[in-house]
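In this text, residue positions in the sequence shown follow our numbering: the first is 1, and each later residue adds one.
Any given hint could turn out to be false.
[Said to hold, decoys possible] Distance windows between CB atoms, simulated: (1) Asn61 to Asn207: 29 to 39 Å; (2) His253 to His147: 35 to 45 Å; (3) Asp51 to Thr201: 41 to 51 Å; (4) Lys245 to Lys37: 27 to 37 Å; (5) Thr223 to Lys184: 19 to 29 Å; (6) Ala240 to Lys214: 46 to 56 Å; (7) Asn146 to Leu76: 10 to 20 Å.
[What the hints assert, rightly or not] In silico EDC-like pairs for lysine to aspartate or glutamate, Cα to Cα no more than 16 Å straight-line: (8) Lys174 to Asp221; (9) Lys255 to Asp228; (10) Lys255 to Glu52.
No wet-lab data here; the hints were simulated from the structure. All values reported here derive from a predicted model rather than from experimental measurement. Note that the Cβ used here is the ideal one computed from N, Cα and C, for glycine as well.
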Amino acid sequence: MGLISSRIKCYTASRAFTLLELMLSLFVLTILVFLGKKLISLATDSSRSVDETRIICKKLNDILMCIDDDLKSMVLLDKKQPIFEICKNEGENGLRLFFFTTNNEQHVTAAVKYNVVELEFGKLEISRTILDSATSLSLQKLLMQNHSMEKFFEDVDTKSKHTRKFSIPLADFKFRVAIQMPKKSIVALAPNTKMIYSWNTISYDKNGKSIIAKGNLSFFDVTLRALDKTDAVKLHALVAKDMAKAKDFLISHAKSSFARIVPNSEPFP
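Go ahead and model the full structure; you've got the sequences and the hints to work with.
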């Protein structure tokens with residue numbers, strides 16, 4: 001009886017050990033399956049993020065190249081100087097930029113307007129409007145009478161202009177104008193309220209005062225930023241809680257494109 005009892009205990013222990021091994025194996029298998037799914041999910045998210053970043057960067061470069069081509073082809077008007085007008089949107093991170101260019105299918109002088117509108121913090125819409133050649137010629141004549149380019153664009157018939165809205169919303173838009181002063185120094189100016197460059201003279205507002213200075217147009221600095229969908233949602237949530245953190249988040253997470261643009265029409269010494 002003792003021998004039989006011993007064999008039964010041995011069999012029971014062996015069976016219990018086998019069940020334990022099976023449970024451990026199932027546990028390990030479950031962990032491996034979970035980790036596998038997690039790795040696949042992470043790899044998919046990473047691939048999606050890389051693809052989205054590539055698309056964002058391409059669209060930013062497309063906008064920047066369009067601005068670059070327009071500004072490089074600025075047209076010389078009276079006294080062989082390019083003329084442009086910049087109007088800052090009051091209380092918004094946006095502006096309206098007006099000038100003449102030959103960057104069009106006919107390669108003729110045409111007036112163009114870039115409009116940057118802030119829909120909300122971290123979300124800007126940008127569009128480009130170009131006038132037909134006859135309407136652009138009318139504007140050139142009116143400028144001799146100190147007419148406003150901004151006012152002209154507001155009043156012109158919609159049939160005379162073509163507007164293109166760029167598909168990607170921007171997170172930020174920065175624009176600077178560099179002027180070479182008579183003493184060879186270069187001053188970079190960011191639009192405050194309104195800025196006009198004409199006949200070797202730039203006029204702008206600063207701290208409520210009108211400033212007029214002589215100098216040659218040197219270059220433009222343009223910086224564009226955009227967020228992917230996930231970061232745009234995070235930014236929107238931060239704006240309601242802490243604007244300072246939202247601004248830091250935008251700068252640190254946004255994809256950016258930058259260009260220094262020198263107009264080909266400007267004769268530099």
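Lys255 paired with Asp228 [C-alpha distance capped at 16 Å]
Satisfied, since the Cα-Cα distance of roughly 8 Å is no more than 16 Å.
Within 41 to 51 Å: is that where the Cβ-Cβ distance between Asp51 and Thr201 falls?
The hint (41 to 51 Å, Cβ to Cβ) holds, given that Asp51 and Thr201 are roughly 48 Å apart.
For a C-alpha distance cap of 16 Å, please report whether Lys255 and Glu52 respect it.
Satisfied, since the Cα-Cα distance of roughly 11 Å is no more than 16 Å.
Could you tell me whether the CB distance from Thr223 to Lys184 stays inside 19 to 29 Å?
Since the Cβ atoms of Thr223 and Lys184 sit about 26 Å apart, the hinted range of 19 to 29 Å holds.
Please test the hint of 27 to 37 Å on the beta carbon pair from Lys245 and Lys37.
With Cβ atoms ~34 Å apart, the hint holds.
Hey, Lys174 versus Asp221, does the alpha-carbon distance stay inside 16 Å?
Between Lys174 and Asp221 the Cα gap is close to 8 Å, so the pair holds against 16 Å.
Between His253 and His147, is the Cβ distance one that fits in 35 to 45 Å?
Roughly 43 Å apart at Cβ, these two residues keep to the hinted range, so it holds.
Check the following: the C-beta atoms of Asn146 and Leu76 are separated by a distance inside 10 to 20 Å.
Since the Cβ atoms of Asn146 and Leu76 sit about 19 Å apart, the hinted range of 10 to 20 Å holds.
Has the hinted range 29 to 39 Å been met by the Cβ atoms of Asn61 and Asn207?
holds (36 Å)
Does the beta carbon distance between Ala240 and Lys214 stay inside 46 to 56 Å, or does it fall outside?
holds (47 Å)
Violated hints are absent here; each numbered hint is respected by the structure.
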